[in-house]
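Listed in order, the protein sequences are those of chains G and C.
According to the numbering used here, the first sequence holds residues 1 to 250 in order.
According to the numbering used here, the second sequence holds residues 1 to 254 in order.
None of these hints come from the bench; they were simulated from the model.
Note that the Cβ used here is the ideal one computed from N, Cα and C, for glycine as well.
Do not rely on the hints blindly, as some may be mistaken.
Partial list, derived from the structure: chain G residues whose beta carbon lies under 7 Å from chain C [as the list claims (entries may be wrong)]:
no., residue
1, V45
2, G143
3, L184
Listed next, with one range per pair, are the computed distances between beta-carbon atoms [unchecked claim]:
no., chain 1, residue 1, chain 2, residue 2, range
4, G, R29, C, V241, 22 to 30 Å
5, G, A115, C, Y251, 33 to 41 Å
6, C, L7, G, P173, 18 to 26 Å
Listed next, the in silico EDC-like pairs over lysine to aspartate or glutamate satisfying Cα-Cα at most 20 Å (straight line) [as the list claims (entries may be wrong)]:
no., chain 1, residue 1, chain 2, residue 2
7, C, K136, G, E226
8, C, K136, C, D243
9, C, K135, G, E134
10, C, K135, C, D222
11, G, K146, C, D124
12, C, K136, C, D173
13, C, K136, G, E160
14, G, K146, G, E160
15, G, K127, G, E160
16, C, K136, G, E75
Take a look at the letters that make up each chain.
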Amino acid sequence: MSALYSVRGLVKRYGVKSVLEGIDFDLARGECLVVLGRSGTGKSVTLRHLIGLEQPTSGSILFESLEIVGRSERELQPVRRRVAMLFQGGALFDSMTVFDNLAFPFREHRVCPEAELAGRIAALLDKVHLPGTERRMPADLSGGMKKRVALARALALEPEVLLFDEPTTGLDPMTSASIASLILATQRSTGAAALVVTHDIALARRVADRIAFLDQGRFRFLGTFEEAEAAPDPLLADFLAGREEADDVA
Amino acid sequence: MRLLAALDRAAEEAGALARLGARAAAGLFTPPFDFRAGIEQMDQIGVRSLGVAGITTVFTGMVMALQTAYSLPGLGVKYYIGTVVSKSLVRELAPVLVALIVGGRIGSGMTAELGTMKVTEQIDALRSMAADPVKKLVVPKLAATLVMLPALTLLGDLLGILGGLLIAVFQLDLTAAFYANDVISSLTLEDVVSGVGKSFFFAFFITVVGCHNGLTAEGGADGVGRATTNTVVLASILILVSDFFLTKLFYLVG
Ligand SMILES: Nc1ncnc2c1ncn2[C@@H]1O[C@H](COP(=O)(O)OP(=O)(O)OP(=O)(O)O)[C@@H](O)[C@H]1O
Ligand SMILES: [Mg+2]
């Protein structure tokens with residue numbers, strides 16, 4: 001079976017600053033790939049490439065058989081309709097209520113009549129444990145609440161691919177655990193593939209079919225969680241165990 | 001070499017402005033039309049600028065009347081105050097001053113709003129949901145500015161002429177009827193069309209510069225602040241420079 005996403009030789013430089021130095025991976029249908037890596041290594045940048053928010057310096061990204069690199073905004077629209085992104089900072093629309101934020105994808109793509117929106121949005125808010133917050137403005141929500149509203153917005157149109165940038169950062173351990181369950185349940189019910197960037201090892205352990213470890217612009221490791229724990233790589237072992245950075249790692 | 005690089009950047013910037021302008025203009029005529037967003041923008045852009053536009057033009061009309069009367073005393077110029085004030089206001093001062101004052105206000109507002117959306121990834125979120133930021137955000141602003149700036153200019157014409165009237169009556173001992181008669185007999189439709197015509201162009205420049213600087217803002221709140229200042233400077237320069245060419249143009253066709 002062919003992969004849903006197929007990324008080859010992805011290189012991204014900002015001026016002279018090199019961020020990605022050749023990323024290669026496939027994402028299969030229904031699979032959950034978790035990307036780990038230290039802060040500032042380019043995890044968010046990698047995600048942004050997958051829906052064409054950034055153009056790479058070189059490399060190729062196939063979505064099914066469509067090359068995403070070099071496409072215009074208009075040509076990317078069919079892809080973006082099928083792939084949902086949760087941004088690291090939530091990226092809720094400040095000027096809109098929670099309700100209008102969640103209604104946005106429905107209205108934009110005329111999915112359902114206006115009268116059905118209230119029911120659908122209430123169901124989405126239930127999923128992220130925020131019932132009854134429709135009328136609040138994003139500025140009045142806590143960081144973790146914003147994150148969950150953003151998560152609900154990403155799930156709105158039952159996308160085929162979920163790109164989640166740190167879905168549990170800023171959440172308490174119990175809410176984090178329920179987000180993990182939500183990701184698993186969504187994948188089970190819709191068959192969606194997921195690419196999850198996280199620093200939350202517990203989340204990774206629960207949802208990942210495979211994990212990738214991004215370091216110095218490349219996937220230093222790509223495999224299952226068990227393989228990762230057994231891998232003879234001191235840096236990866238330290239990372240998974242949350243040990244302090246040793247001076248001599250390279 | 002530094003100069004070449006700067007020129008290169010300026011040309012690139014000009015190209016980007018032109019592309020955004022073209023896309024926004026095309027968006028005005030492509031459905032779906034978001035009337036609600038347009039009306040909201042009209043309120044923000046137009047209604048809330050009434051005060052500044054009014055004060056600016058009333059006082060300009062008054063100053064024009066005073067200056068003309070005092071700088072050429074004894075020549076009987078005061079009997080032509082109505083002509084001088086109305087012609088210069090309607091053709092030149094109202095469109096340019098309203099554009100500069102209101103434009104600075106609304107252009108920088110657009111940059112601040114879109115810039116904040118850009119640096120908090122809200123623009124990217126729009127794109128990620130297959131929405132077009134130009135159609136969603138820029139087009140309603142352009143439509144609203146194209147309506148409101150000419151409307152404010154017309155209002156400014158009126159208020160400026162009224163300002164001149166105040167001076168004519170209370171300082172220069174003319175009758176209101178005399179002043180009004182002078183204004184009406186000298187002012188032509190071409191004067192009004194030329195002045196209001198300019199303000200359409202100014203509205204376009206203000207919106208395109210304001211939105212472009214917002215959509216390309218980078219570097220957090222700091223970057224948004226810098227982009228906002230840049231909008232005021234660039235929009236003002238564009239208004240003043242294009243005013244020269246538009247004046248020539250309108251004298252040719254008018
Ligand atoms: N537009 C840009 N211009 C220049 N540099 C950029 C840009 N976007 C990202 N970078 C750089 O790319 C690097 C990777 O950024 P990225 O946001 O992907 O990190 P990350 O792995 O997601 O980190 P974190 O875990 O902290 O979110 C950073 O060093 C950042 O400074
Ligand atoms: Mg990140």
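Structure-based check of each hint:
1. Interface hint status for G/V45: violated, as the beta-carbon distance to the closest one in chain C is roughly 12 Å, over 7 Å.
2. The criterion of a C-beta within 7 Å of any C-beta in chain C is not met by G/G143, whose closest approach is roughly 13 Å, and the hint is violated.
3. Interface hint at G/L184: violated, since its Cβ lies 23 Å from the closest Cβ of chain C, which is beyond the 7 Å cut-off.
4. Against the hinted window of 22 to 30 Å, the Cβ-Cβ separation of G/R29 and C/V241 comes to about 57 Å, which falls outside the hint.
5. Here the CB-CB span from G/A115 to C/Y251 is close to 57 Å, at odds with the stated 33 to 41 Å.
6. Look at C/L7 against G/P173: about 57 Å separates their beta carbons, and that is not inside 18 to 26 Å.
7. At roughly 47 Å between alpha-carbon atoms, C/K136 and G/E226 are farther apart than 20 Å, so this suggested pair is violated.
8. Distance check on the hinted pair: C/K136 and C/D243 sit about 30 Å apart at the alpha-carbon level, beyond 20 Å; violated.
9. Simply put, C/K135 and G/E134 have alpha-carbon atoms about 26 Å apart, too far for the 20 Å limit, and the pair is violated.
10. For the proposed pair C/K135 and C/D222, the alpha carbon gap of about 27 Å is over 20 Å, so the pair is violated.
11. Only pairs whose Cα atoms come within 20 Å are accepted, and G/K146 paired with C/D124 is accepted, the gap being roughly 17 Å.
12. Pair hint C/K136 plus C/D173 does not hold up; C-alpha atoms about 55 Å apart against a cutoff of 20 Å.
13. For the hint pairing C/K136 with G/E160, the CA-to-CA distance comes to about 25 Å; that exceeds 20 Å, so the pair is violated.
14. Between G/K146 and G/E160 the CA atoms are separated by roughly 23 Å; this puts the pair beyond 20 Å, and the hint is violated.
15. Restraint check for G/K127 and G/E160: the C-alpha separation of about 18 Å stays at or below 20 Å, so the hint holds.
16. For the given pair, C/K136 sits about 18 Å from G/E75 by alpha-carbon distance, which is consistent with the 20 Å threshold.
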